[in-house]
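Protein sequence lines correspond, in order, to chains A and B. Residue 1 is where the first sequence starts when you use this note's numbering, and the numbers rise one by one after that. Residue 203 is where the second sequence starts when you use this note's numbering, and the numbers rise one by one after that.
Since the hints were derived computationally from the structure, they do not count as laboratory data. Virtual Cβ for every residue (Gly too), placed ideally from N, Cα, C. Keep in mind that the hints are not guaranteed to be accurate.
Stated by the list, open to error - According to the in silico footprint, chain B covers these stretches of chain A (three or more CB under 8 Å from chain B): (1) 55-67; (2) 106-112.
To be verified - Under the rule of at most 20 Å between Cα atoms (straight-line distance), these lysine to any residue pairs were calculated in the SDA-like manner: (3) B:LYS623 to A:VAL191; (4) A:LYS96 to A:PHE44; (5) B:LYS260 to A:THR175; (6) B:LYS580 to B:ILE603; (7) B:LYS670 to B:GLY625; (8) B:LYS558 to A:CYS190; (9) A:LYS87 to B:LEU279; (10) A:LYS127 to B:GLU605; (11) A:LYS65 to B:SER607; (12) B:LYS711 to B:THR272; (13) B:LYS260 to B:LYS277; (14) B:LYS478 to B:ARG523; (15) B:LYS293 to B:PRO262; (16) B:LYS286 to A:THR175; (17) A:LYS126 to B:GLY609; (18) A:LYS181 to B:THR259; (19) A:LYS70 to B:LYS479; (20) B:LYS647 to B:THR492; (21) B:LYS558 to A:ALA194; (22) A:LYS181 to B:GLY620; (23) B:LYS479 to B:ARG523; (24) A:LYS198 to B:LYS623; (25) B:LYS293 to B:THR259; (26) B:LYS646 to B:ASP658; (27) A:LYS70 to B:LYS720; (28) B:LYS260 to B:HIS294; (29) B:LYS277 to B:GLY609; (30) B:LYS493 to B:GLN264; (31) B:LYS720 to B:TYR353; (32) A:LYS70 to A:GLU171; (33) A:LYS153 to B:ILE603; (34) B:LYS400 to B:ARG673; (35) B:LYS286 to A:GLU171; (36) B:LYS277 to A:GLU84; (37) A:LYS127 to B:ILE603; (38) A:LYS181 to B:THR257; (39) A:LYS70 to B:THR272; (40) A:LYS65 to B:THR257.
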Amino acid sequence: MTMNRREAIQRASLVLGYALAGPAIAGVLNGCKAAPELGYKPVFFTEDQAATISELAEVIIPKTKTPGAKDAGVPRFIDQMLKEIYKKEEQDEFLKGLTAFESDAQNEYGNSFFECSPEQRIAFVKKHHDAAYSKGVDGGSSGWWNAGSGGEKPFILKVKELTLLGFFTSEPGATQVLQYKQVPGPFQGCVPLAEVGKTWAT
Amino acid sequence: MNINIDAEKENTYDAIVVGTGISGGWAAKELTEKGLKTLVLERGRPVQHVVDYPTMTKDPWQFENAGRLTPEDEKKLYVQSRTKWIGQDTKHWWVNDLENPYTEVKPFDWIRGYHEGGRSITWGKQTYRWSPMDFEANAKDGVGVDWPIRYNDMAPWYDYVETFIGVSGRAEGLPQLPDGKFLPEMEMNCVEEVFRDKVAEKFGRKITIGRVAHLTASLPHDPSRGICQSRNMCGRGCPYGAYFSSNASTLPAARKTGNMTLRQHSIVHSIIYDEKKGKAIGVKVLDAETKQEIDFFAKIIFLNASTLGSTFILLNSISNRFPNGLGNGSDQLGRNLMDHQYRTGAEAEVEGFDDKYYIGRRPNGIYIPRFRNIGNDKTTDFIRGYGYQGSGSRDGWSRGIAEMSFGEELKESLTTPGAWKLGITGFGECLPYSDNRVTINKDKKDVYGLPTLSVDAEWKENEKAMRKDMREKAAEMLEASGFKNVNMYDAPNNIGLGIHEMGTARMGKEAKTSVLNKWNQVHEAPNVFVTDGAAMASSACQNPSLTYMALTARAADHAVNELKKGNL
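Chain A with its partners taken away, still in its complex shape:
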């Protein structure tokens, strides 16, 4: 049996805890400890929201031998995108998703997402990420993607998209993780991958 679209959205909504969103959890957010050093002054998020976004982006693209999301300024990028590019309804939906995400972290760990341990953060992102891509019995993906991309995109995927966009258009992401040449020279159509190396950033 595969889930139909309606079921998929309903399940995503349950997992993301929309039922809990709203004023009930505002106090939880307000009562948090001081956020860790952000390295930038948010223009859209509160300090706590920004701290969660920052840690979430770093879980999606962590620092390894190469720079991660924080090194590339992705948290600042997301904050600015929300303020300057997102329309009011999109901002509201995003914050609703963030609030639900935080509320779920509180339920699960008794902490804000940014206060959780690194292992907890990864496990928690996995839970939300898997739900967005939840597998049907047939083995195919029947989460939000399979629902024909209809309905509201799960919060975790919005953050993932913003993180990848910000990261791979940044100088560290484009030039140290992938490769980029502003002036490639005359086009060569069919070259052994081994000679080219990594994915082109663009």
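Place chain B on chain A using the hints.
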């Protein structure tokens, strides 16, 4: 009195060219090189080649917000942004829609650039000849009016224009897509080569590399222009002048003669018709900066203000002789608006080339010349046909959004390029319909207080039937090539979005059914030439800019010959 005479003398030239886009630049070059003192009028700001391309060398991280438009930008570009490809890197090349309104009786995307060089800075550069079949089509089908010219009239001018602008491509010997004067072709990538070979084998159809106005070798006559470096940032302006634009090519050539006076911020809103002399004597200009009105005079006037721009000027040129617009005795002015429909086709995954990649962002793709309703291929669903443009590539980082992983695993996996994909989109011919038209609207004014255009046009049955076929045949070729996950698509496509709007002052043999004669002269005012897209009597399915340029060079040659003979 004397002051007026002096002013008139000062404002008098041999020729006036209205517009500096792809055809206006050509008119300027040809007329000045033939010795005419020429006033070139541009409604927008100056754009000096290279100097005025503010974003041309910016890297992705030098744009805020990944180069996305803000909601404020989108308001100002509410029509222009329907293209979906305008970002911070190119937004300065598109008109402010709030300041330049028009009326959409039915949805019509009017995509415009008001600045020196016009859309020659941002064009797609695909450069194809029309064929004998295309110039004969209206006569054969009994559609619209017969073209007053044939391919043989155009062939030497195609040669002439191609040689000057530089066109890379491959000679294929196809009757429906004549070969030109080509610079070396660009390379196909691995999967495009497979597709080319499979389609040749299974269908006997040729797939060729796109013919494009990019230099793949230097031009002996123009050492200022360099070779394409595969940056694919063309739409921002090219620091090498590697693709053809008025700014990089024709306007500098015109300037070099010493015969050009280029005046920007000069909105030509009408042609001055002298009832006593029975001829057009000049143009009325509204200076966009000072808001002053100035008259300029010349023996000949070339309208190259874009299809709808030139049509507007004619419709707005009212006199006792021409109460419905200059040269509009046929009532065809503003009618027969055409475009090319696209954004439908198919895409697929190609297996077996995981160890291959490419170097460079080739500003070009593959081209499948028209095969419908040619030779033995007959269909009863529609007349005419379409070509396809497309390309193969490997998925990049953006595939990661849809992937099941995140974190270190995702980051690592994205350093290897993803699946090969190949997609094609049709470009379909549109027929001329007299009720697909623009009219002048005196009730709605632009920021300068000038009347505006009202557009009432739509795709009709022939285009709709063709569109379905464009999609299905695309999928059929991809399937037959053995590609996987073939997916047909059909994206919304208002008329106008092809940015090949044309036909609203058509050429024809007779003054009672057409606006222009076989030399692009207004039948009823022969010293007025219209050589942009407005002149087209049919649309064919090829990208039209090369034909506009060739028509312009041909008309300029005729104009100067006639002037010398004292006929104009």
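Tested hints:
1. 55-67: n = 6 at 8 Å, threshold three: holds.
2. 106-112: Since three or more residues must qualify, the claim that chain B covers the stretch 106-112 of chain A is violated, with 0 doing so at under 8 Å.
3. B:LYS623 to A:VAL191: 17 Å, holds
4. A:LYS96 to A:PHE44: Answer holds: A:LYS96 to A:PHE44 is near 14 Å, not above 20 Å.
5. B:LYS260 to A:THR175: 14 Å, holds
6. B:LYS580 to B:ILE603: Violated, at roughly 44 Å.
7. B:LYS670 to B:GLY625: 16 Å, holds
8. B:LYS558 to A:CYS190: Roughly 6 Å separates the two Cα atoms, so the pair holds.
9. A:LYS87 to B:LEU279: 16 Å, holds
10. A:LYS127 to B:GLU605: With a Cα-Cα distance of about 15 Å, the restraint between A:LYS127 and B:GLU605 holds, given a limit of 20 Å.
11. A:LYS65 to B:SER607: Holds: A:LYS65 and B:SER607 sit about 19 Å apart, inside 20 Å.
12. B:LYS711 to B:THR272: 50 Å, violated
13. B:LYS260 to B:LYS277: 25 Å, violated
14. B:LYS478 to B:ARG523: 10 Å, holds
15. B:LYS293 to B:PRO262: Roughly 15 Å separates the two Cα atoms, so the pair holds.
16. B:LYS286 to A:THR175: Violated: B:LYS286 and A:THR175 sit about 27 Å apart, past 20 Å.
17. A:LYS126 to B:GLY609: The hint holds at about 10 Å.
18. A:LYS181 to B:THR259: 11 Å, holds
19. A:LYS70 to B:LYS479: Not OK: A:LYS70 and B:LYS479 at ~75 Å, beyond 20 Å, violated.
20. B:LYS647 to B:THR492: 18 Å, holds
21. B:LYS558 to A:ALA194: 8 Å, holds
22. A:LYS181 to B:GLY620: Measuring from Cα to Cα gives roughly 19 Å; hence the hint holds.
23. B:LYS479 to B:ARG523: Holds, because 12 Å separates the two Cα atoms, which is no more than 20 Å.
24. A:LYS198 to B:LYS623: 18 Å, holds
25. B:LYS293 to B:THR259: With Cα atoms ~15 Å apart, B:LYS293 and B:THR259 stay inside 20 Å; holds.
26. B:LYS646 to B:ASP658: 15 Å, holds
27. A:LYS70 to B:LYS720: 65 Å, violated
28. B:LYS260 to B:HIS294: Cα-Cα ~15 Å, so holds.
29. B:LYS277 to B:GLY609: Violated. B:LYS277 to B:GLY609 sits at ~37 Å, over the 20 Å cutoff.
30. B:LYS493 to B:GLN264: 37 Å, violated
31. B:LYS720 to B:TYR353: Distance ~12 Å between B:LYS720 and B:TYR353 Cα, so the pair holds.
32. A:LYS70 to A:GLU171: 13 Å, holds
33. A:LYS153 to B:ILE603: Since the Cα atoms of A:LYS153 and B:ILE603 sit roughly 12 Å apart, the hinted pair holds (cutoff 20 Å).
34. B:LYS400 to B:ARG673: Holds, because 18 Å separates the two Cα atoms, which is no more than 20 Å.
35. B:LYS286 to A:GLU171: With Cα atoms ~25 Å apart, B:LYS286 and A:GLU171 exceed 20 Å; violated.
36. B:LYS277 to A:GLU84: Holds: B:LYS277 and A:GLU84 sit about 14 Å apart, inside 20 Å.
37. A:LYS127 to B:ILE603: Answer holds: A:LYS127 to B:ILE603 is near 16 Å, not above 20 Å.
38. A:LYS181 to B:THR257: 16 Å, holds
39. A:LYS70 to B:THR272: Violated - the C-alpha atoms of B:THR272 and A:LYS70 are around 24 Å apart, more than 20 Å.
40. A:LYS65 to B:THR257: 33 Å, violated
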